[in-house]
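Enquirer: Protein chains in written order, with my numbering: chain Z, 1 to 278; chain X, 1001 to 1105.
What the hints contain is simulated information worked out from the structure, not anything from laboratory work. Any given hint could turn out to be false.
Looking from chain X toward chain Z, a few residues come up when the C-beta cut is under 7 Å (computed) [stated by the list, open to error]:
#, residue
1, Pro1015
2, Leu1023
3, Leu1024
4, Leu1026
5, Leu1029
6, Ala1033
7, Gly1045
8, Thr1047
9, Val1048
10, Leu1062
11, Ala1071
12, Ile1074
13, Trp1082
14, Ala1085
15, Phe1087
16, Gly1098
Straight-line C-alpha distance at most 27 Å; calculated DSS-like pairs for lysine-lysine [said to hold, decoys possible]:
#, chain 1, residue 1, chain 2, residue 2
17, Z, Lys254, Z, Lys121
18, Z, Lys276, Z, Lys254
19, X, Lys1078, Z, Lys225
20, Z, Lys121, Z, Lys251
21, X, Lys1052, Z, Lys140
22, Z, Lys140, Z, Lys273
Virtual Cβ for every residue (Gly too), placed ideally from N, Cα, C.
Residue strings, one per chain:
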Amino acid sequence: MVITFILVFVLGILAGVVGAMLGLGGGIIIVPALTLGFNMPMRTAVAASTVCIIATSTGAAVAFLRDRLTNTRVAIWLEMGTATGALTGALLAGWVNQRLLFILFGVLLAYSAYNMFRTRKEEHKKEVTPDAISQRLRLKGSYYDKALGRRIDYQVSRTIPGLIIMYFSGAAAGLLGIGAGIFKVPAMDQVMGMPFKASSATSNFMIGVTAASGAVVYFARGDVKPLVAGPVVLGVLIGAILGARLMVHMKASKIRLFFMPILAYTAIEMIYKGVKWW
Amino acid sequence: MVVGNGHEAGAEVHPIELVLARLLRLGSLIAAALLTVGIALMTMGMTVLAPKLITAGLLVLLGTPVMRVVAASIIFTKERDWHFAFFSIVVLCAMAAGIYFGKGD
């Protein structure tokens, strides 16, 4: 038992570091590792992974908030989309064709991976002109980039398309059980014109909220097994604190280099899931 | 507002960020402490108390994002930032409804 505890704990640290650096929940690491590596039932793995998303978000947010990488105003604006989307997703589950959705979202992710690859060399974006809502809600932000050694001021644009994407990302999370952060980072980075590090930190901040209602449900159903979730969540918490400190000192172009393969992998995996039953 | 060199600028934080950071740090510290003690006791063979402590730690962790949205809505209301106070309440309602309907099946 002690050996399993240690292994699961180490797995948690790894997932926490990766999740915090990239603004993802780490589910793509935890779920396959627990089901394939430790022969755990899918429900137990998904429930543990949902609590881990909260751990990643909470552990990393402290450092990101202090460094002002997290844009709390953008986060709350977009959380309206993810939270209502997740609700819609939960209500529609069982009524919609999952295969089609997997393919649709897979293609979307593949496109955003391609887009990120095209702009991989950019360390910062061209001037972004804020739209009316962004100005009215004062969504712009600024932070001190420790990797570049200077202050980055940025504007936010296309607030409504961003909100709509978040709604669908929330619905996808509710319907397909995936995509804690994988849609959020590209939406802010590529659509709304936010710097990559601010997008990642803000996504990280938001995923905890999206995961919380799901986690409560898993708890109520008894799917959260303390002996599985305990060590992995503790590992993720520690990993996320470390990952956040690392990320703050990393260049955006380098973090993107890690993000792209994960994006491409998830895209392929989703399309495969949609196609394989045909 | 803008003072001194970059490092000072990096440390300069909005009150809301500071309050939320404190809240999240408190939540993760309590959760980590409960989890650590729970796991340690489990390895020592205290199989009755240990899972309870671990569950308590997981529940504290689960409560932090909810508390975070509640705290944000209170701060925005105090600052009379009605837009964002309203947005926070929309988020809270959607979360509550998600839990309600999720339990249904």
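Enquirer: Against this structure, judge whether each hint is valid.
Expert: So, going through the hints one by one against the coordinates:
| no. | hint | verdict |
| --- | --- | --- |
| 1 | Pro1015 | violated (11 Å) |
| 2 | Leu1023 | violated (9 Å) |
| 3 | Leu1024 | holds (5 Å) |
| 4 | Leu1026 | violated (10 Å) |
| 5 | Leu1029 | violated (10 Å) |
| 6 | Ala1033 | violated (10 Å) |
| 7 | Gly1045 | violated (10 Å) |
| 8 | Thr1047 | violated (9 Å) |
| 9 | Val1048 | violated (12 Å) |
| 10 | Leu1062 | holds (5 Å) |
| 11 | Ala1071 | violated (11 Å) |
| 12 | Ile1074 | violated (13 Å) |
| 13 | Trp1082 | violated (11 Å) |
| 14 | Ala1085 | violated (10 Å) |
| 15 | Phe1087 | holds (5 Å) |
| 16 | Gly1098 | holds (4 Å) |
| 17 | Lys254/Z / Lys121/Z | holds (9 Å) |
| 18 | Lys276/Z / Lys254/Z | violated (34 Å) |
| 19 | Lys1078/X / Lys225/Z | violated (40 Å) |
| 20 | Lys121/Z / Lys251/Z | holds (11 Å) |
| 21 | Lys1052/X / Lys140/Z | violated (44 Å) |
| 22 | Lys140/Z / Lys273/Z | violated (39 Å) |
Violated hints, listed in ascending order, are 1, 2, 4, 5, 6, 7, 8, 9, 11, 12, 13, 14, 18, 19, 21 and 22; each of the other numbered hints is respected by the structure.
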